[in-house]
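Peer 1: Sequence:
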Amino acid sequence: MKRCPECHADVKGDWESCPLCQTDLKVPESEKPEESDFPEVPLKFNRKKIKQVLSLSSVLLIILYFVAHFIWRFQFFNLEYVLFGILIMWLMMLVIIRKRRNIVKGIVYILFLFSLLSLYFDYVNGWLGWSLTFVIPILCISALLAMFISIQVVNLRAEDYVLYLQLAAIAGLIPAVFLLMDWVVFALPSLLSIVFSLVMSVAVFFKHRQAVINELEKRMHV
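Heads up: the sequence shown begins at 1 in this note's numbering, then just goes up one per residue.
One or more hints might be untrue.
[What the hints assert, rightly or not] Computed Cβ-Cβ distance ranges for the label pairs, DEER-style:
1) R3 / V199: 46 to 56 angstroms
2) A9 / A176: 57 to 67 angstroms
3) V124 / D10: 26 to 36 angstroms
4) I71 / V202: 21 to 31 angstroms
5) L20 / F206: 57 to 67 angstroms
6) F112 / E6: 45 to 55 angstroms
[Claimed, not checked] Subject to a maximum C-alpha distance of 30 angstroms in a straight line, what follows is the list of computed DSBU-like cross-link-like pairs (lysine-lysine):
7) K12 / K26
8) K48 / K207
9) K51 / K207
10) K207 / K49
11) K26 / K49
12) K2 / K12
13) K207 / K218
Treat the hints as calculated values from the structure; they're not laboratory data. From the three backbone atoms N, C-alpha and C, an ideal C-beta is built for every residue, glycine too.
Using the sequences provided together with the hints, build the complete structure.
Peer 2: Structure follows, in structure tokens:
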């Protein structure tokens with residue numbers, strides 16, 4: 001929407017000049033595109049397909065939890081952690097769709113926000129270690145799943161794949177540090193996060209190999 005500086009009227013449509021006084025219209029400061037350090041991702045996706053993929057992934061994760069529990073006959077961790085991971089996956093996918101120009105930034109914000117909250121509540125409740133053992137690895141897995149789904153259903157540019165690879169590597173590195181420092185009481189969530197990170201990185205690289213190589217060459221000026 002544009003505004004006439006003479007009539008002080010808002011004008012909808014593709015008008016270049018005011019239909020009343022013929023003065024050149026101007027775009028209000030509040031509606032000018034926000035500057036960003038991150039590349040703008042073209043919004044080309046099917047909302048119905050995204051919803052179907054997310055719903056199917058959520059159901060499969062719950063089924064896998066019960067199947068694993070039935071086969072090995074002991075409880076890995078509570079179902080609440082799986083549901084928490086699914087919720088974060090949906091939230092991160094929403095960020096990917098809504099924050100087109102700041103996809104990676106949005107995901108990193110969610111990772112850090114929920115990680116800090118979990119560390120705080122773990123600390124004030126006597127520090128049982130559940131934040132490092134369960135919550136943060138599950139957050140990383142949810143981020144990786146959301147990124148993987150977005151790559152399948154949203155048309156991204158070559159430079160965005162490189163950003164995804166970088167974030168996938170970071171998401172896998174965090175739980176690896178927990179394991180190396182022996183900060184966790186149950187290793188499975190951290191191991192799953194590391195495996196997801198490796199699979200994500202390899203899958204994106206080989207599926208979009210040429211695009212990633214070309215973008216890396218441009219960034220390194222090769």
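Peer 1: Which of the stated hints cannot be reconciled with the structure, identified by number in ascending sequence?
Peer 2: Violated: hints 3 and 11.
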